Amino acid sequence: MAAALSSWEAGAKSVFLLERNEYLGGILPQCIHPGFGLQIWGEELTGPEYAEIFIEKLNRTGVEAMTDTAALELTPERIVKAVNPQGAWEIKANSIILSMGCRERTRGMLQIPGYRPAGIFTAGLAQYLVNIAGYLPGKDIVILGSGDIGLIMARRLTLEGARVKMVVEIKNSLSGLVRNYVQCIQDFNIPLLFSHTVTEVRGKERVEAVVISEVDEEGNPLSGGEREVECDTLLLSVGLIPENELSRQAKIPLSPQTGGPWVDEDFSTDLEGFFACGNVASVFDLVDYVTLVAERAGRAAVLARPPQEKHILRAGEGVHTVIPQRIREGKDGFLFIRPQKSMKGVTVSFWEREKIFYQKKISICRPSEMIKLDLAQIPWPQEKGEIKVEIKGTEIQGIS
Amino acid sequence: MKLKEQKSREFLELICIVCPLGCSLSVTKSDDRIRVRGGCKKGEKYVKEEITNPRRVVTTTLRIKNGVWPRVPVRTSSPFPRDKIPELMKFLSSLEVEAPQKRGEVIAKNLLGEGVDLVVTRTIERKE
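Protein chains in written order, with this note's numbering: chain H, 1 to 400; chain W, 1001 to 1128.
It is worth saying that the hints were derived from the structure and are not from the lab. Only a predicted model underlies this, so the values are computations on that prediction, with no experimental measurement involved. Check the hints yourself; a few may be wrong.
To be verified - List time: in silico DMTMM-like cross-link candidates among lysine to aspartate or glutamate, alpha-carbon distance up to 25 Å: (1) W:1084 <-> H:374; (2) W:1102 <-> H:245; (3) H:384 <-> H:374; (4) W:1127 <-> H:22; (5) H:139 <-> W:1013; (6) H:165 <-> H:228; (7) W:1084 <-> H:140; (8) W:1048 <-> H:226; (9) W:1048 <-> H:214; (10) H:331 <-> H:9; (11) W:1102 <-> H:68.
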């Protein structure tokens, strides 16, 4: 919606917004908790409010928003084939902005042994069931993964009368935001176990118990440390993957680090005329950042500047991902860096060949929180080439 | 030499939850005042409240009759006393509202006499 709006405001003649769901806003309407909008509006909104503000803005423009519409095919020539209850559509566009978001990692991807009983949900699905459809997915709950949706659901299910027995995290530090730990876990005295994972699901028709095991530093279960926890429901909050089936069809080059297209500061992909914004490009932790980059993509999609040589950013030591990974000019826009570990006394360094040309000091960094830098602050080298980004600091464990 | 009077002091480590940054705050509690290190002005205010009267914004959903969706999400108009949240949830589960409901409208006033209202966060149209 932010991309469609900014395209319209930048003077696009026609903008089509295709949405597979029955309503606009993606995941936001089910995220009923507050915390959205602080960075861009200085006001703390809930997900449904944030989404509805954009829906209202969109309704005042000529943007054609089509819900219940699934894009099935995308070609490199920028033809989209889509279906909805009114029929099949073929749209040829000058610019296409990918904003398919991401999907949750599932049990199958973790390969947890056991039968396939009822009672195993991704945290986001459980959130949909509770907040939109009005069902409680279970009564005695174990949550695997300390990602934000997992933490939020621990609180939500507790408030709705379920017993959250524990949250189990394979790493030795928190995956989600610290404020979510305080408000969702600490407030309700829910046990959170670091360096543990679920190694078996017991029960045939319905989940009856899970086996949890301690893991070593590489995340491999240690034998002898298993114990059974009775429960009827297992929630998984174990990561998100950008949804790029259509991008692959259109032969847009994808980054193995982010799982999304390589993009520059305009969120322009390596394939001319294609842009990617938000979680389809890289999983962001704040919706505010998604909005910021979507606005850039929306404007750039109207400008449709010709391709040019760019800097290529590589994730060096201590860096999980950088987004964007291409720098066209570096005059405006943002750089988001996700660190691999929680660290104190952090230095972010930018290397051109064997030389550091920019350093930034930060007091603390966590994998759950991207470091946001202004591109204009960085003195980009004249000559376009490869640049390595590195993060160094003292590792910290546990909560903060 | 006179010994200085020993004041009772207490140290606390709190994590600020005002915004997603989650700053670590070192708190020194003496007899008469609370000193906060780390974080911003908002964080200082948070600590003082967190120690004396912890409050949270509560968000949940209510049953809604004749709506296009069966639940309407709501929030408290301001932070609500944390210790009374279970009681609040019990009260809210007894409520049922009728569609349509518009975002921003106050659906219940002065919850449990705490001077906090309940606000609709998503417009739910009436089912035709």
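A quick look at each hint next to the structure:
1. W:1084 <-> H:374: 43 Å, violated
2. W:1102 <-> H:245: Between residue 1102 of chain W and residue 245 of chain H the Cα gap is close to 37 Å, so the pair fails against 25 Å, i.e. violated.
3. H:384 <-> H:374: Within the cut-off at roughly 19 Å; holds.
4. W:1127 <-> H:22: 14 Å, holds
5. H:139 <-> W:1013: At roughly 34 Å apart (the allowed maximum being 25 Å), residue 1013 of chain W and residue 139 of chain H break the hint.
6. H:165 <-> H:228: Holds, at about 12 Å.
7. W:1084 <-> H:140: Roughly 23 Å between the alpha carbons, so the hint for residue 1084 of chain W and residue 140 of chain H holds.
8. W:1048 <-> H:226: Since the Cα atoms of residue 1048 of chain W and residue 226 of chain H sit roughly 42 Å apart, the hinted pair is violated (cutoff 25 Å).
9. W:1048 <-> H:214: 38 Å, violated
10. H:331 <-> H:9: 22 Å, holds
11. W:1102 <-> H:68: Cα-Cα ~23 Å, so holds.
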